[in-house]
Each structure stands twice: as structure tokens, then as C-alpha cells.
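Taken in order, these protein sequences are the chains called C and B.
Position 13 of the first sequence, counting from 1, maps to 13 under our numbering, and the rest follow consecutively.
Position 332 of the second sequence, counting from 1, maps to 1332 under our numbering, and the rest follow consecutively.
Hints in this document: simulated from the structure, not taken from any laboratory.
A few of these clues could be false.
[Unchecked claim] Computed list of lysine-lysine pairs in DSS-like fashion (alpha-carbon distance at most 27 Å, straight line): (1) B:Lys1041 <-> C:Lys3; (2) C:Lys3 <-> B:Lys1122; (3) B:Lys1083 <-> B:Lys1301; (4) B:Lys1122 <-> B:Lys1301; (5) B:Lys1301 <-> C:Lys3; (6) B:Lys1081 <-> B:Lys1174; (7) B:Lys1122 <-> B:Lys1174; (8) B:Lys1081 <-> B:Lys1192.
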Amino acid sequence: MSKDWPLWEVFVRARGGLEHRHAGSVHAPDAELALRHARDTYTRRMEGVSLWVVRSADIVASDPDQAGELFEPAASKVYRHPTFYDLPDAVKHM
Amino acid sequence: MYTTELDKTAGSAAAPAAVEDPALLAAFEARVANDEFIEPKDWMPEAYRRTLTRQISQHAHSEIVGMLPEGNWLTRAPSLKRKAILLAKIQDEGGHGLYLYCAAETLGTSREQMIEALHAGKAKYSTIFNYPTLNWADIGAIGWLVDGAAIMNQVPLQRTSYGPYARAMVRVCKEESFHQRQGYDLLLEMMKGTPEQRAMVQDAMNRWWWPSLMMFGPPDDNSPNSAQSIRWRIKRETNDELRQKFVDATVPQAELLGITVPDPDLQWNEERGHYDFGAIDWNEFYAVVRGEGPVARERMKARRAAWDEGAWVREAAAAWEARQAARRAAAA
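Can you make the complete structure from the sequences, with help from the hints?
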């Protein structure tokens, strides 16, 4: 039994000015073939103008079980939002 | 293409919820009930993981095996235009298989294991591909009816509770409409042809209609896993609901083509606002599920041959990478 090729995550830039977004993954023996497989698999209908591939094993991800604690600081700091500040009506457009 | 829950031995999938941590299970149930998506690293009950792995891999296998009957007709397409269209459709089916294998892999089963299970005859794929494609109109009927049935099933799967499966379905659905339209277009063109060509279209309809209705899977009262799958938001609509939708949508299309539906009991029911249709031969369905379809052996033989004959490409690519890696190591 042959060993399957390693997994690569594919990111596609839909058009100039937009960020690359995760599209899915492909199996490929090396980076060059990963790009070619990504082209054939994820951009058959003008879905992109640029591709990134990265070995799935190289992705470091946060732990979903820790998501509450990890993102809690963002929830508890209301003063980070402009609506926290009550300004006089005389101040326009701020 | 698409799949349905076929494996009757999978009844155990509904049982072992008892061994799960009740607190985790309750939190999971609340999340799916609240229409949240479950992602690969999230906690999920083993039965959910198993059901999805089976369903997504069967779906992937169906895409891959589905390329075979169409591939048979590539060299016999009646024009360069039809050949190019068919080639593009087949490439899409391969792509759909790859999206789905990747989605299934996020559940912890490798693509290699899934493909091995298929080649060993342990994995199921859609029953529809164990019927032969006898004439060119069959290629049109597959696009119109088989992909049409697939669309009915896949549209609600875009909101299935498992994120990677839902996202794969969004991609698939975007592409599937072309498959159905090219099939219907092919048949429309044949219907403008000779009496023999029109007879070929009717013949294809006669052979593909009932197997297409069977694609939605067993009737609801004999589909033991359906309730659990609906509760977990894996499925959004039952087999019978989807089948009825398909009949309602397809009958007027057959009338427009100028062919008849091979069902003497088919008639519009004003009161229900749906078509009534005749009884499906479920014995035939279960026989095909058991691997007794007319071309089941031929399909698996062709699939294994495609895999074996492509081995040299995989080996060459691996050898190339090994040599490049050795060069990088020597240079470092």
C-alpha cells in the first residue's frame, strides 16, 4: 500500500485588493504540485488570481475548548468601542 | 452527485450516546439545536463523527465512481462541443470528490483509508451508478435527472451542521447547476432530431426515472437513522420530502421535453398541491445497495484499474520529491 501524499491547506485571493482566504485542502507530494492541484481543484471557474499553499501540519491553531478564556479580554473591554463614550451633541462627526 | 444513508448495519450509530460525557453531550446538542456549526476540533459525540464520516465518504465515493459511466462516453460524444462539455463535467465530479474527501478527513479518517475501503468493496456509493449507460441520451438523462436529484439533496446540505461538509456543499452546489442544464440541453437537442433520436431520449427516461427516485434513499418509515440525523442537523429534510420535491420539479420538465414519465400512477393532486406517484420497487433498491446492480462489478473493476494504472504517476511524483528533498539536504 502506497502512503498518501501530505495534506496542504489552500488559500485563494479572489481578485486584486482582497486577502487570501482559506478554500480547502489538497494532497500533494511537494509544494509545486500542491499549487497545481489547488489550481485544478479550487479555481476552475475564475475563483482566484493568486494561490497560497501551506503544509497542514505547519498550521498552529488555537484550542476551541479554550476559546472562552482566550477571547474573553475582547468581550470585557467595552471602553475599546467608540459607543462607550457619551459626547455632547454639539460635537459632531467624531 | 450525492449520496444517502445506505448502510443498514449502521443502525448502531444511534445507540452509544450513553457512553458520552453527559455534560459535553448536552452542550453539543444545544449548539446544533441553536444552528451553530460544528468544526473539526470541536468536541462531538462519536456517533456524530461516525455518521458523518460514513455519509461524507460515501458522497465522495459517489462523485468518483460517477465519473466512470460518463467517461465511457467521452470518445463517443457526437461533437467536439459535447465532448468538451462532458470533459468539464467529469473534471467537476473529480473536484467534488476531492472537496468531500478533504471534508471527511477532518473527522480523522485518511483519504487513503477511505479509498481502500471503496476498492475493497467495504464502502458504499450511490446506487445510481450501478446502472448501465446504454445510449448517448443517457448522458443527458444523468445530467438532468441524476444531477437534478443531487441538487435537491445537496441544497439543504449547505446548512448541514458540520462546517467542512457544509462549505464543500456550497462549492458543489455552485457547480452542479451547469451539470443539470447541460444534460437537459443535450436532451432538448436530441428531441429536435430524428424519430430514432427522440426514441433514445424516451428510452433513457424509462430506464433512469425510477433509479433517480431511489437516489433519495429508503422511505421515511424505513430509515432508522433519519431522526437522529435530523436532530443533529446533519440532514435538514427527510428522504420522502426531498423525493416529492424532485418529482414536482421534474414532471413539468419532462412535459416540456415532450417525453412521458414511465409511471401510470403519476398524477397531479390538487388537494395536496403535489404529484402523486406510483410505488417504488424497494426490493430492486436494496438489491442494488447489496451490490447486485447491473454493472456493479464492472464499475469497481474500472475504478480499481484506474487506480492501478495511475500508480506510476503517483510513484514518479513521490520519487521526484524524494530526490528534491535529498538535494536540499545535501545543499544545507
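For the pair supplied as a hint, B:Lys1122 and B:Lys1174, confirm whether the alpha-carbon distance does not exceed 27 Å.
Given that 27 Å is the threshold and the Cα spacing comes to 31 Å, the pair is violated.
Could you grab the alpha-carbon distance between B:Lys1122 and B:Lys1301 and see if it respects the 27 Å cut-off?
Roughly 14 Å between the alpha carbons, so the hint for B:Lys1122 and B:Lys1301 holds.
Hinted pair C:Lys3 and B:Lys1122, Cα distance within 27 Å
20 Å, holds
Regarding the pair B:Lys1041 and C:Lys3, is the alpha-carbon distance no greater than 27 Å?
Judged against 27 Å, a Cα distance of about 24 Å means the pair holds.
Sort out whether B:Lys1174 lies within 27 Å of B:Lys1081, counting only the CA atoms.
22 Å, holds
Verify the proposed pairing of B:Lys1083 with B:Lys1301, using a straight-line Cα cut of 27 Å.
24 Å, holds
Take the C-alpha atoms of B:Lys1081 and B:Lys1192, compute the straight-line distance between them, and say whether it is at most 27 Å.
At roughly 17 Å apart (the allowed maximum being 27 Å), B:Lys1192 and B:Lys1081 satisfy the hint.
Distance restraint between B:Lys1301 and C:Lys3, which requires alpha-carbon spacing of 27 Å or less:
22 Å, holds
The structure fails to meet hint 7 from the earlier list, while all remaining hints are met.
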